[in-house]
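So the sequences go chain by chain: A and B. Sequence positions in the first sequence follow the UniProt record's numbering and run 1 to 451. Sequence positions in the second sequence follow the UniProt record's numbering and run 1 to 702.
Hints may contain errors.
[As the list claims (entries may be wrong)] Take a look, some chain B residues computed to stay more than 10 Å from chain A by CB distance: (1) Ser96; (2) Lys202; (3) Glu217; (4) Thr316; (5) Gln335; (6) Gln390; (7) Glu472; (8) Leu591.
[As the list claims (entries may be wrong)] Derived PhoX-like pairs (lysine-lysine); straight-line CA-CA distance at most 25 Å: (9) A/Lys100 to A/Lys223; (10) B/Lys203 to A/Lys182; (11) B/Lys188 to B/Lys156; (12) A/Lys182 to B/Lys197; (13) A/Lys372 to A/Lys423; (14) A/Lys223 to A/Lys239; (15) A/Lys385 to A/Lys372; (16) B/Lys202 to A/Lys182; (17) A/Lys239 to B/Lys202; (18) B/Lys616 to B/Lys644; (19) A/Lys334 to A/Lys138; (20) A/Lys169 to B/Lys203; (21) A/Lys138 to B/Lys188; (22) B/Lys203 to A/Lys239; (23) B/Lys190 to B/Lys121; (24) A/Lys57 to A/Lys70; (25) A/Lys385 to A/Lys368; (26) A/Lys102 to A/Lys223; (27) B/Lys561 to B/Lys474; (28) A/Lys223 to A/Lys57; (29) B/Lys156 to B/Lys202; (30) A/Lys182 to A/Lys239; (31) A/Lys387 to A/Lys423; (32) A/Lys169 to B/Lys188; (33) A/Lys169 to B/Lys190; (34) A/Lys100 to A/Lys138; (35) A/Lys239 to A/Lys102; (36) A/Lys138 to B/Lys662; (37) B/Lys156 to B/Lys190; (38) B/Lys616 to B/Lys561.
FYI, nobody ran anything at the bench for these hints, they're computed from the structure. All C-beta atoms, glycine included, are put in the ideal place defined by N, C-alpha and C.
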Amino acid sequence: MELQAVLMAAGGGSRMMDLTYNTRKPLLPVGNKPLIWYPLNLLERVGFEEVIVITTKEVQKMISTDPKMKLDVKMKLDIVCIQEDADMGTADALRHIQQKIKTDILVVSCDLITDAALHEVVDLFRAHNATLSMLMSKAHEFTETVPGQKGKKKTGEQRDFVGVDGTGKRLLFMANEADLDKGLVIRKSIMRKLPRMHIKTGLVDAHLYCLKKSVVDFLADNKSVSSIRGELVPYLVRKQFSKSMTSPNVNDEADQKLKKKDGNANLEIQILSRDEVLLQLTRERSCWNDHRGDMSEAYHGVRLRCYVHIMDEGMCYRVNTLAAYIEANRLAPKLFDEPAVHPSAAISVRCLIGADSIIGASCQISDKASIKRSMIGASTTVREKVKVTNSIIMHGVTIEEGCNIQGSVICSNTVIGRGADIKYCLVGSAQRIEPEGAFWKTPSRLSCAFY
Amino acid sequence: PHPSTGGGGIAPLTEQEEEEQPLQAVLVADSFNRRFFPISKDQPRALLPLGNVAMIDYTLEFLTSTGVQETFVFCCWMSNKIKDHLLKSKWCRPTSPNVVHIITSDLYRSLGDVLRDVDAKNLVRNDFILVYGDVVSNIDVSQALQEHRHRRKVDKNISVMTMVFKESSPGHKSRCEEDDVIVAMDSKSKRVLHYQKTQGLKKLQFPMNIFQHGSDEFEIRHDLLDCHISICSPQVAELFTDNFDYQTRNDFVRGILVNEEILGNQIHLYVTQDGYGARVSNLQMYDSVSSDMVRRWVYPLTPEANFTDQQGQGCTHSRHNVYRGAEVSLGHGSQMEENVLIGRDTSIGANCHISNSVIGNNCTIGDNVVLDRAHMWNNVHISSNVEIHQSVVCDGAVVKEAVHLNKQCVLAYNVVIGPNLSLPDGTVVSMHHPEEEEEDDDDEFLSDDQEVGHSKDKTRQKAFNPAEVGPEGKGYIWKASMNDTEDEELAQCLWGLVLNPDPESDSESEASEESQDRSRSVSPEIDDVNAFQLEVLGTLQRGLEENIVCDNLVLEINSLKYAYNITLKEVMQILTRVVLEYPFQQQGTQLTTLQYTGSLLPLLKTWSPVFKNYIKRAQDHLDCLSAVEELFLEQDTHQTAMVKVLMKMYQLEILEEEAILKWFSTGATNDKSRQLRKNQGKQRMSLQRKESEEDESSEEGE
């Protein structure tokens, strides 16, 4: 076993509270499958047989009991529950399962939907004996109108600056615009080693990381790091060029001094994945080098290396906002080839269902209903003359006769009264919409406003 | 052997069909600096031989082969020599495809002046190429030119300049530290967003506004060598006229980039991977370019090509890049190992060992001579048993028996050295006396190619120092760092700074960065305060040594206060601290309390006017007291001295009594200071006593 897979599925989905109010983020239906299925499927496709899933009790219960949430995976799931209110970050979670980690790890977030070739990331990890390799993708513009959001896109968002070397693989620099108020500062010594740096903005971090086991051990000792993306990754990227990582042989005396100087030093040394002797020898004897232009050894003797694979094309979404959720629903069905209409659904012959729609199990679609570019969750009832366009209808929803639903998200177990006209709205779960009600672009969360 | 390859350099004109107007170039045959002093006292830089051909010929050949049809050569320093040279050259023959106009004026002091003159005389009608007379290149800029024209066609006149760069990694020998640049560019449009010389910088800072132009991909490049070839729009000349403070191209580029939003002009870059282009900006570059030339990197501009088409300049090229001119004689047992170029009519004695060297015309070299990386110009005489390493020997120089020239020596025109002498590294010998040069400094001109003016004054000849130049020597040693205070950029440093990556300094900065990572609490102002403290200390020290009046000290401290942006309160605290620490500073920290007070009290007396100037309001007194307290809390072995210090300050009327009493009575902030105050109790008693009988107390205090 080369890599152990770890799936982080304990996040609350704080950036889309409207959706996650009743349904936990990992269980949100995307293309009639819980969100968590997508990363699991990704792992299964590349041949993982076992995965450690870090999640909350609630989610675990739902997965094991609710038939709608049944995960259609053959892998062995090792579910580790963490307390919901403990406010644990992703790095905290890794620390929590340190005992289970025997090899290098692949960390995936539960909200990742991608068709990326995972081996690209792993190959970088292997080829360069990297400490960290990660996946990024060009950011996509969300085309759909988002319920309750005024204007198309929030502007003035802080961009992430990602610096890679001339080959576009080595990760050299990472910072958010917000932290760069004094301008972008790069040490000249770095520029001298890697004279060509591409600075890219407009990338999304897929939150998929290959990490050396030593990093997990480092986390175990260094309790102050709580988030992988927020703290650990920037730390590793920065550490690539610091002194203690480059010196060829950290002699013990220096170690001692460092230890005395501050407690962190010995932890830093741990993270240093010492190249194995044979590997070292190979590198010395081989004429291969990762750079050209000067005569110094490969990687300039840097032993902590971070790499990134940037997807140029293909699909890569992180379902962490409402806009991303809607977009993912539109695109997710393309990822798997299953019949769009579940065999157990009862569909009237006289209704109209667009090819780009999905109908879940045990649905009832009545006469003259028209469903276009939409997802209908399991056990949902759609009555006569209902028009559903560009919408997401979750499980167990009842839509009475003559409703017109457009560009909206209707959460589970809601009943929509007859003749209601809902456009670009988000309706919370277990709501009851009055008949003939008309809601156009109302601010989101009908759940609160119209109880 | 008489090989002659006439006219090999004239390239056919291409890329010109579409453009009706001839391509123009502005060649600045003056460097406007003194980097080649004292060599350039006798010969302008553009005429210095590189591979036995004047540098300006390379530049003109480059321009011609790239399709330039009209070149304006601007000369200032020794313009007559350049003019003579050009009039004799192939460029001024009627068949020349490149019409050369020579424009001379003694009034040019910078590139800016030249371009302002270009604008005034309305010389350029279209895009033109701007180069210096010391650029050696074989880059075909037609591609860059096309891109430049395309950009100008697409968005009207926004791009004013395309700078030509050559890709070469840091550490490449044709890159010199002085000219190293860092460029931030837009990956797609190739627009220059930031351009900075990196010399002396450890951290490179890029302002955020350069990343806010809508693009999402940028490149930061440190692998570029600035060839000093620029394709300019006609507006460039106008912009120089509009902005009379632009002196150099660097000023211009920075100005355009900074004022991009106001003027709306942009600069782009063109990167070539396979061409050769470099500017001979100092002797180190001269050495590199010369050896590149001999190693044929500038093909087709090779030594045997004789592209200047001059009679007798031809030479043969044989294995290991050994070039021999006409009538070269080589003595028995002499070896030309590799990369050697020997000019015509040069004779070399027996058992010589020559490698990586260029030897000019009409030179004579004795027996058993070792030359490595030597650059010998014309009519040089080298006697036997001489050894020369990486040095320049100019025209007419004579090196006598058994002289040893170590690295980076320069023998300027007509110097005689030896016999039996070894010159240390970096020795510069010239027939001009260094002091002559200093007189020139008074001149308003700062041009290396600048008329010496008072040639008659040179009658005041000084005797040559035989210890320096040998018993038969003629010439004066130019000290490498003759005048540090001179702010003329490195005037004496002929060889330039050698590029050596300094691992120590790297690690230092890393260490400091790491420590910053750990404790961000250290605010940057601290540095200012520290610097200010050091300056105050220096000022006071000087004040003591030179007996400066306290008023002047105050004046100086005030100006420092503004320079470092220090508040009045801090000034006072720092001043107090500096004065109280002064004895430690001067005599070490192992002073006994008695010694300490002994040396401090007179100081307090001397500087009391300084204190009085700053301590006026009641709050000032308290601040001063707290500074005193703080210091003595640190120096807890000397706490007893505090009584005396306070007493003295009271007597000198620096501190008022009420202030001291108030300080005493105010609540102590921590245990230590409470302890301190307790110790001062005695003093308080004495103070109170003094209140009644003032005369006595003064004696008590002494």
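Each hint tested on the structure:
1. Ser96: holds, 40 Å
2. Lys202: violated, 6 Å
3. Glu217: Given that some Cβ of chain A is not farther than 10 Å from that of B/Glu217, nearest at about 5 Å, it is violated.
4. Thr316: holds, 34 Å
5. Gln335: holds, 29 Å
6. Gln390: holds, 21 Å
7. Glu472: B/Glu472 is indeed farther than 10 Å from all Cβ atoms of chain A, at 45 Å.
8. Leu591: holds, 31 Å
9. A/Lys100 to A/Lys223: holds, 18 Å
10. B/Lys203 to A/Lys182: Cα-Cα ~12 Å, so holds.
11. B/Lys188 to B/Lys156: holds, 19 Å
12. A/Lys182 to B/Lys197: Judged against 25 Å, a Cα distance of about 19 Å means the pair holds.
13. A/Lys372 to A/Lys423: holds, 14 Å
14. A/Lys223 to A/Lys239: holds, 18 Å
15. A/Lys385 to A/Lys372: holds, 13 Å
16. B/Lys202 to A/Lys182: holds, 16 Å
17. A/Lys239 to B/Lys202: Satisfied, since the Cα-Cα distance of roughly 18 Å is no more than 25 Å.
18. B/Lys616 to B/Lys644: Judged against 25 Å, a Cα distance of about 22 Å means the pair holds.
19. A/Lys334 to A/Lys138: holds, 19 Å
20. A/Lys169 to B/Lys203: holds, 23 Å
21. A/Lys138 to B/Lys188: holds, 16 Å
22. B/Lys203 to A/Lys239: holds, 17 Å
23. B/Lys190 to B/Lys121: Answer violated: B/Lys190 to B/Lys121 is near 32 Å, above 25 Å.
24. A/Lys57 to A/Lys70: Holds: A/Lys57 and A/Lys70 sit about 16 Å apart, inside 25 Å.
25. A/Lys385 to A/Lys368: holds, 5 Å
26. A/Lys102 to A/Lys223: Roughly 20 Å between the alpha carbons, so the hint for A/Lys102 and A/Lys223 holds.
27. B/Lys561 to B/Lys474: violated, 52 Å
28. A/Lys223 to A/Lys57: holds, 24 Å
29. B/Lys156 to B/Lys202: Violated, because 39 Å separates the two Cα atoms, which is more than 25 Å.
30. A/Lys182 to A/Lys239: Distance ~21 Å between A/Lys182 and A/Lys239 Cα, so the pair holds.
31. A/Lys387 to A/Lys423: holds, 11 Å
32. A/Lys169 to B/Lys188: holds, 19 Å
33. A/Lys169 to B/Lys190: holds, 21 Å
34. A/Lys100 to A/Lys138: violated, 34 Å
35. A/Lys239 to A/Lys102: holds, 24 Å
36. A/Lys138 to B/Lys662: Outside the cut-off at roughly 68 Å; violated.
37. B/Lys156 to B/Lys190: Measuring from Cα to Cα gives roughly 17 Å; hence the hint holds.
38. B/Lys616 to B/Lys561: Judged against 25 Å, a Cα distance of about 17 Å means the pair holds.
The structure is inconsistent with the numbered hints 2, 3, 23, 27, 29, 34 and 36, although it conforms to all the rest.
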